[in-house]
Every structure is written in structure tokens, then in C-alpha cells.
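These protein sequence lines are chains X and F, in that order. Read in order, the letters of the first sequence are residues 15 to 124 in the working numbering. Read in order, the letters of the second sequence are residues 24 to 137 in the working numbering.
Since the hints were derived computationally from the structure, they do not count as laboratory data. It cannot be assumed that every hint is accurate.
Label pairs and their in silico Cβ distance ranges [stated by the list, open to error]:
1) X/L60 x F/D61: 16 to 26 Å
2) X/A82 x F/R40: 44 to 54 Å
3) F/S103 x X/N67: 21 to 31 Å
4) F/G26 x X/K70: 21 to 31 Å
5) X/E19 x F/D85: 17 to 27 Å
6) F/S103 x X/E29: 48 to 58 Å
7) F/L137 x X/R74: 36 to 46 Å
8) F/K80 x X/E19: 17 to 27 Å
Derived DMTMM-like pairs (lysine to aspartate or glutamate); straight-line CA-CA distance at most 25 Å [said to hold, decoys possible]:
9) F/K125 x X/E29
10) X/K70 x F/E102
11) F/K93 x F/E118
12) F/K125 x X/D41
13) X/K70 x F/E118
14) F/K125 x X/E19
15) F/K125 x X/D72
16) X/K70 x X/E29
17) X/K56 x F/E124
18) F/K125 x X/D69
19) F/K80 x F/E124
20) X/K56 x F/E118
21) X/K81 x X/D41
22) F/K125 x X/E59
23) X/K81 x F/E124
24) X/K56 x F/D76
25) F/K125 x X/E71
26) F/K80 x X/E17
27) F/K34 x X/E59
28) F/K80 x X/D41
29) X/K70 x F/E95
30) F/K80 x F/D61
31) X/K81 x X/E29
32) X/K56 x F/E82
33) F/K80 x X/E29
34) X/K56 x X/D69
35) F/K80 x F/E102
36) F/K80 x X/E19
37) F/K125 x X/E17
Rough simulated footprint, nothing fancy, chain F against chain X, three-plus residues with beta-carbon under 8 Å [said to hold, decoys possible]:
38) 37-48
39) 52-63
40) 81-90
Think of the CB as a built atom: it goes at the ideal place given N, C-alpha and C, for glycine as much as any other residue.
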Amino acid sequence: QKEVEQNSGPLSVPEGAIASLNCTYSDRGSQSFFWYRQYSGKSPELIMFIYSNGDKEDGRFTAQLNKASQYVSLLIRDSQPSDSATYLCAVKRSWGKLQFGAGTQVVVTP
Amino acid sequence: DAGITQSPRYKITETGRQVTLMCHQTWSHSYMFWYRQDLGHGLRLIYYSAAADITDKGEVPDGYVVSRSKTENFPLTLESATRSQTSVYFCASSESGQSNEKLFFGSGTQLSVL
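Please model the complete structure; the sequences and the hints are all you need to start from.
This is the structure in C-alpha cells:
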């Protein structure tokens, strides 16, 4: 079992719809969780981080964390073609390290 | 411009050669990291450093060497390149190792070992 798991996709989403991305992690002691977006051929860029159970909203993005279920998700509302990218879930480890999932590819179709 | 820069952007080398990938950051961040990214595996940590002269292995360190004599530089050396080291390499930095501290990534080095 991988320590951080994501569905690889691709996740096809109509323009204007909600994209829902899921991530599960194995270490119950994990405290902080990050979502990065990566366009093809580019480096990852941070979208959001979350460390408390519940929802955290930033513009069209909402991160949801459920530590009891070891589950973190990202919702993208009103999806745009520019949201087409790979979304990486990451869990903070000791010494500032991030452990990443393999990423979910999102394709927003006009 | 301030930030984190990697060089070269692209590198082609042959099996058995030594290759060094450079990483430089201007923020004076304490922590620096090297990741490799391969299809299906996401980003995997090779080595990290908490400060100058403090380095430690990550998830996939075999075949790699790092040094950090100055805070701003964190070079990654492939001592004898193998085809399995063909990958995209990302350097990253963060100000501290605190739980909410984000990582800033360089633009990456695409390495091909023939």
C-alpha cells in the first residue's frame, strides 16, 4: 500500500462543473496536507494546504480533511479549461519533507 | 530575480558518466530538497538538507550524492549515471521545517541517460 494514494485519472470534467479529487494517506499521525497543481512540463505550484478537520475554501478551490478516515480531498468549482493539469496531494513529514501521491490528471472539456 | 533556479534545464548523458545538477536559491531558506519525478510514481524524495553541512537520505538515494557547503546551493551528483536515472529532477526549498511551511520548486532538470 502506497503511503499517499490518488486516482491517476484522467478525470474528465465539463467546463463549469465541479471537479472532485480524492487522496488517502496511511500515516494516522500526519498533520498537514498540501495540494499542488502541475501543468505539463512545469514545476508544481501550491494551491492550498490544510491541517484542521473540515473544509477550507480559497476562491474556486475547497480542501476537505477528515483525519479519522485519513482522507483529504480537493474540489474545484466552476471548472475552467485552464484547470486542466495534474493535481498532486502531499503529506508533510518530519524535517519539512513532503511525501507526494502520484497525482490525478484533470481534463476540463469545453 | 530572487527565487530558486536549477541548471541545466536539459541534459543528455551516457551511462557511466558523472553528472551534477545545480540548484541555487536566493531566499536563504534553511531547507532544501531534491525530488525526481517519473510517470506513475509522482515525486519521490532523493535527499534533503536542513541547513548547510546537514544532509540526509530520502526515499530513493541510491546512486546519488549531495553536498551543501553554502546555504544557497544544493548540488545533486549522479556518480555513475544509469538509464534508470532518466527522469525529471526538481529542487525545492522551504524557510523552515514547520508543518505549515510550503515548498517552493525550481523549474526542473530533464535528464536523459543513454
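When you check the alpha-carbon spacing of F/K125 and X/D41, does it fall within 25 Å?
Since the Cα atoms of F/K125 and X/D41 sit roughly 20 Å apart, the hinted pair holds (cutoff 25 Å).
Quickly compare the C-alpha distance for X/K70 and X/E29 to 25 Å and report which way the hint goes.
With Cα atoms ~23 Å apart, X/K70 and X/E29 stay inside 25 Å; holds.
Can you tell me whether the CB distance of X/A82 to F/R40 sits inside 44 to 54 Å?
With Cβ atoms ~50 Å apart, the hint holds.
Check whether the Cα positions of F/K125 and X/E71 lie no farther apart than 25 Å.
holds, 17 Å
Measuring from beta carbon to beta carbon, are X/E19 and F/D85 in 17 to 27 Å?
Holds, at about 24 Å.
Hinted pair F/K125 and X/D72, Cα distance within 25 Å
Cα-Cα ~16 Å, so holds.
Does X/E29 sit within 25 Å of F/K125, going by the straight-line distance between their CA atoms?
violated, 30 Å
Decide if the proposed pair is consistent with the structure: X/K56 and F/E124, CA atoms, cutoff 25 Å inclusive.
Satisfied, since the Cα-Cα distance of roughly 21 Å is no more than 25 Å.
Would the pair F/K80 and F/E102 pass a check requiring their Cα atoms to be no farther apart than 25 Å?
holds, 15 Å
When you check the alpha-carbon spacing of F/K80 and X/D41, does it fall within 25 Å?
holds, 20 Å
Does the alpha-carbon distance linking F/K125 and X/E17 stay inside the 25 Å limit?
With a Cα-Cα distance of about 20 Å, the restraint between F/K125 and X/E17 holds, given a limit of 25 Å.
Do three or more residues from the region 52-63 of chain X put their C-beta atoms closer than 8 Å to C-beta atoms of chain F?
holds (count 6)
When each numbered hint is compared with the structure, violations occur for hints 3, 9, 10, 24, 29, 31, 33, 34 and 40.
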